[in-house]
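Just so we're aligned, residue 40 is where the sequence shown starts under my numbering, counting upward by one.
Take the hints with a grain of salt, since some may be wrong.
Calculated cross-link-like contacts (lysine to any residue; reagent style SDA-like; alpha-carbon spacing at most 20 Å) [stated by the list, open to error]: (1) K72 <-> G143; (2) K192 <-> A149; (3) K192 <-> G147; (4) K212 <-> V194; (5) K212 <-> G147; (6) K212 <-> Y256; (7) K72 <-> E98; (8) K212 <-> A114; (9) K72 <-> L88; (10) K72 <-> D86; (11) K212 <-> V95; (12) K212 <-> R161; (13) K212 <-> E225; (14) K72 <-> A149; (15) K212 <-> A229; (16) K212 <-> P124; (17) K192 <-> E158; (18) K212 <-> N151; (19) K72 <-> S242; (20) K72 <-> V95; (21) K212 <-> L231; (22) K212 <-> A227; (23) K212 <-> K192; (24) K212 <-> S242; (25) K212 <-> R122; (26) K192 <-> E224; (27) K72 <-> P124; (28) K212 <-> D223; (29) K212 <-> A149; (30) K212 <-> A162; (31) K72 <-> Y58; (32) K192 <-> A229; (33) K192 <-> F146; (34) K72 <-> E83; (35) K212 <-> F146.
The calculated label-pair distances, taken between Cβ atoms and stated as ranges, are [stated by the list, open to error]: (36) E83 <-> A188: 35 to 43 Å; (37) R190 <-> T226: 26 to 34 Å; (38) N67 <-> R252: 28 to 36 Å; (39) T226 <-> G142: 44 to 52 Å.
Just so you know, these hints were derived from the structure itself, not from any lab.
On a predicted model such as this, the values are computed, not experimentally measured, just so you know.
C-beta atoms are modelled at their ideal positions from N, C-alpha and C, and glycine is treated no differently.
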Amino acid sequence: MTTGTDVERAFLIADLSGYTALTEAHGNLEAAKVVTRYLELARETGDPLVRLVERVGDELVFVSDDSAALVATAARLRDAVEREPRFPRLRAGLNLGPVLEQGGQFFGAALNLAARVAEYARAGQILCTEGIAARVTPLGRFTCRSLGAVRFKNVSGAVTVFELVEEAERRAKAIDPVCRMQVDEETAPARLPWAGRTWHFCSFECARAFAGRPEDYAS
Numbered sequence: 040m041t042t043g044t045d046v047e048r049a050f051l052i053a054d055l056s057g058y059t060a061l062t063e064a065h066g067n068l069e070a071a072k073v074v075t076r077y078l079e080l081a082r083e084t085g086d087p088l089v090r091l092v093e094r095v096g097d098e099l100v101f102v103s104d105d106s107a108a109l110v111a112t113a114a115r116l117r118d119a120v121e122r123e124p125r126f127p128r129l130r131a132g133l134n135l136g137p138v139l140e141q142g143g144q145f146f147g148a149a150l151n152l153a154a155r156v157a158e159y160a161r162a163g164q165i166l167c168t169e170g171i172a173a174r175v176t177p178l179g180r181f182t183c184r185s186l187g188a189v190r191f192k193n194v195s196g197a198v199t200v201f202e203l204v205e206e207a208e209r210r211a212k213a214i215d216p217v218c219r220m221q222v223d224e225e226t227a228p229a230r231l232p233w234a235g236r237t238w239h240f241c242s243f244e245c246a247r248a249f250a251g252r253p254e255d256y257a258s
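Produce the entire structure from the sequences given, and follow the hints as far as they go.
So, in structure tokens, the structure goes:
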């Protein structure tokens with residue numbers, strides 16, 4: 040009978056916000072290229088104290104026994120993704136807690152909660168639970184801004200969620216409303232005015248799609 044070991048670990052789950060929209064707009068080949076580059080960025084921004092343990096589509100699961108190293112990895116990966124041209128934005132969730140480690144795999148509510156927190160994050164956000172926030176706040180690089188108590192599906196009780204905000208301000212890019220890729224406002228291939236604002240697009244194809252059904256994409 041296979042047995043495991045009870046350990047405490049910090050988990051980071053990160054995916055690409057709008058990846059499904061990207062696939063619909065640009066096709067499977069472009070989506071595969073994005074994921075391949077995303078994995079390269081994950082390796083390039085890695086840390087010796089952090090391990091990538093699983094990938095499902097565009098979702099990556101990292102584990103560490105060092106919460107600060109894991110948070111720093113999340114920030115580096117987010118920033119690297121935002122520097123990429125024609126790329127979606129990253130969203131991430133972190134949680135710390137006891138799990139069962141078995142053959143290099145992890146099982147338990149702590150990992151499940153990290154997934155729920157990641158799903159709750161918006162594009163560009165890194166969210167965490169109180170255990171992570173308590174370990175990271177004293178380091179000074181990040182401010183932990185409380186988003187209040189959140190109730191997640193299949194999680195008993197409300198969970199206080201924090202957004203990790205770096206002290207150094209980042210310049211956000213525009214988001215193509217059709218494929219959800221990041222677009223530099225100054226160099227966007229196409230722009231369209233609608234509903235009192237200017238929308239930026241990664242390509243003329245996305246601009247044409249938006250022009251045909253702006254209400255579908257602007258929500």
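Hint check results:
no.	hint	in the structure
1	K72 <-> G143	violated, 28 Å
2	K192 <-> A149	holds, 14 Å
3	K192 <-> G147	holds, 15 Å
4	K212 <-> V194	violated, 34 Å
5	K212 <-> G147	violated, 36 Å
6	K212 <-> Y256	holds, 18 Å
7	K72 <-> E98	holds, 15 Å
8	K212 <-> A114	holds, 16 Å
9	K72 <-> L88	violated, 28 Å
10	K72 <-> D86	violated, 24 Å
11	K212 <-> V95	violated, 26 Å
12	K212 <-> R161	holds, 14 Å
13	K212 <-> E225	holds, 10 Å
14	K72 <-> A149	violated, 31 Å
15	K212 <-> A229	holds, 15 Å
16	K212 <-> P124	holds, 10 Å
17	K192 <-> E158	holds, 11 Å
18	K212 <-> N151	violated, 31 Å
19	K72 <-> S242	holds, 17 Å
20	K72 <-> V95	holds, 15 Å
21	K212 <-> L231	holds, 16 Å
22	K212 <-> A227	holds, 10 Å
23	K212 <-> K192	violated, 32 Å
24	K212 <-> S242	holds, 15 Å
25	K212 <-> R122	holds, 9 Å
26	K192 <-> E224	violated, 37 Å
27	K72 <-> P124	holds, 12 Å
28	K212 <-> D223	holds, 5 Å
29	K212 <-> A149	violated, 33 Å
30	K212 <-> A162	holds, 11 Å
31	K72 <-> Y58	holds, 12 Å
32	K192 <-> A229	violated, 40 Å
33	K192 <-> F146	holds, 18 Å
34	K72 <-> E83	holds, 17 Å
35	K212 <-> F146	violated, 37 Å
36	E83 <-> A188: 35 to 43 Å	holds, 36 Å
37	R190 <-> T226: 26 to 34 Å	violated, 42 Å
38	N67 <-> R252: 28 to 36 Å	violated, 22 Å
39	T226 <-> G142: 44 to 52 Å	holds, 48 Å
Hint compliance for this structure: hints 1, 4, 5, 9, 10, 11, 14, 18, 23, 26, 29, 32, 35, 37 and 38 are broken, all remaining hints hold.
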